[in-house]
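Respectively, the protein sequence lines represent chains A and B. Using this note's numbering, you'd call the opening residue of the first sequence number 126 and step up by one each time. Using this note's numbering, you'd call the opening residue of the second sequence number 24 and step up by one each time.
Hints were generated in silico from the structure; no laboratory data involved. Check each hint, because a few of them may be wrong.
Stated by the list, open to error - Quick list of in silico lysine-lysine cross-link-like pairs, BS3-like style, CA-CA up to 25 Å:
id, chain 1, residue 1, chain 2, residue 2
1, A, Lys182, A, Lys267
2, B, Lys67, B, Lys92
3, A, Lys267, A, Lys230
4, B, Lys67, B, Lys88
5, B, Lys88, A, Lys267
6, A, Lys182, B, Lys67
Said to hold, decoys possible - Negatives, chain B to chain A, calculated, CB over 10 Å:
id, residue
7, Asp31
8, Ile69
9, Pro81
10, Lys92
11, Arg97
12, Glu112
13, Asp121
14, Ala127
15, Glu128
16, Met130
17, Met137
18, Val140
19, Ser145
20, His146
21, Ala158
22, Pro163
Model, not experiment: these values are computed from the prediction. Cβ coordinates follow ideal geometry from the N, Cα and C atoms, glycine included.
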Amino acid sequence: MRLAAPPKTRPVRAEQIILFRVSGQLLAVSSASVQEVRSVDTLSGAAKDISLPSVRKVRQTVRRGENMLYVVNGALHFGLPASHAALVFIFRRTRTALLVDGIEKMTTMTRLQALPSAFCHEEQQWYRGLTALDQTVVPVVKPEGFLTPDELSLLDASLQPKEIAPANDGLAEASPIEAAPMNVGEDASFTQ
Amino acid sequence: MSPIPDSDSFVLLRLGERRFAVAAGNIAELVAPSRIFRFPHRTKEIEGVILRRGRIVPVCDVAEKLIGKSLTSRRFYLIVQRRYAGQVEWIALPVTGDCELIFAEMMPAGETDMPHVAGWLSHDGDVIEVLNLAALTPGPTPALATPVPDLASAQEAHP
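Given the sequences, and given the hints that come with them, work out the whole structure.
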């Protein structure tokens, strides 16, 4: 029993992605969506603790310019065992930063398959889709999927009024990393 | 309910000691088990995904729903075509034995049958459930589903 040949692959442009790990799980994110990568150690002075039982995955906030970022624990978000986070990704055009174990490498994907419809719960918000790299399937995360609008509202409400970020879709462009390929650890804009 | 093609051909699949049928028109392939890639998600019926001819196919163990226990061993993946609102996608169902193509007449399911039963076949002295894949495998509720015109566009989202 065989079906007709798979659909023709349309010409696609390549997209730079960062492969990273959360609690050992390999994930990917578009490098264009990452504004900055920092060592967790560099956050410690700037981060403020926050405790909201309904949004346990956020334990810290960081002020960047006029914006307040919520630091999401990737392991808690995905329901994975706790792990030691060494890096934090600061995403563009979101109010989210993500704690991750580390970066595996940067690479290019040429095809992104939509998450199959059989996955029908929160994961549809978590991922842009799946990509196959070197015979491995890697989920590509959606930066805006780490905190829902409801969760953001709850977090905002838990802060003092003076700490709430002004309505603003963009973030201050401080120390951006470029979307262009780079070797992790060798690029000057990669803040450690 | 999943539409059953006009043909009277069915594929019998084995789960443990029991056999079930799927309309042959809903079958894509029967393949040997391959590596399952797992990643975080919240759809408990889905184990992970396999790579098959360039496509990423979710693996759904339906044994627990059909025979009350998960499979401890699997011999093949029966890749079926699952219809969603306006699109068709592949799903791999682990099975424990050979599959068989048969021709038979299906009796439609009755009102008291479980939702996953599309009908009944009589074959080799057995009465066999014909599976309704839309009720058996997970998917978005119809109200939330976004229609996509064909399989190619449904399964590919280019960067």
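Hint-by-hint comparison with the structure:
1. A:Lys182 to A:Lys267: 16 Å, holds
2. B:Lys67 to B:Lys92: 14 Å, holds
3. A:Lys267 to A:Lys230: 18 Å, holds
4. B:Lys67 to B:Lys88: 12 Å, holds
5. B:Lys88 to A:Lys267: 32 Å, violated
6. A:Lys182 to B:Lys67: Given pair A:Lys182, B:Lys67 holds - Cα atoms ~21 Å apart, limit 25 Å.
7. Asp31: At roughly 16 Å from the nearest Cβ of chain A, B:Asp31 sits farther out than 10 Å, so the non-interface label holds.
8. Ile69: B:Ile69 not clear of chain A: closest Cβ-Cβ about 6 Å, inside 10 Å.
9. Pro81: Answer for B:Pro81: violated, closest chain A Cβ roughly 4 Å.
10. Lys92: 21 Å, holds
11. Arg97: Nearest chain A Cβ is 18 Å from B:Arg97, so the label holds.
12. Glu112: 6 Å, violated
13. Asp121: 13 Å, holds
14. Ala127: 17 Å, holds
15. Glu128: 21 Å, holds
16. Met130: About 24 Å separates B:Met130 from the closest Cβ of chain A, which puts it past 10 Å; holds.
17. Met137: 20 Å, holds
18. Val140: The claim stands: B:Val140 keeps its Cβ more than 10 Å from every Cβ of chain A (closest is about 20 Å).
19. Ser145: 23 Å, holds
20. His146: B:His146 is indeed farther than 10 Å from all Cβ atoms of chain A, at 18 Å.
21. Ala158: The claim stands: B:Ala158 keeps its Cβ more than 10 Å from every Cβ of chain A (closest is about 13 Å).
22. Pro163: The assertion about B:Pro163 is violated, with a minimum of 5 Å to chain A.
Of the hints listed earlier, those the structure fails to meet are numbers 5, 8, 9, 12 and 22, in rising order.
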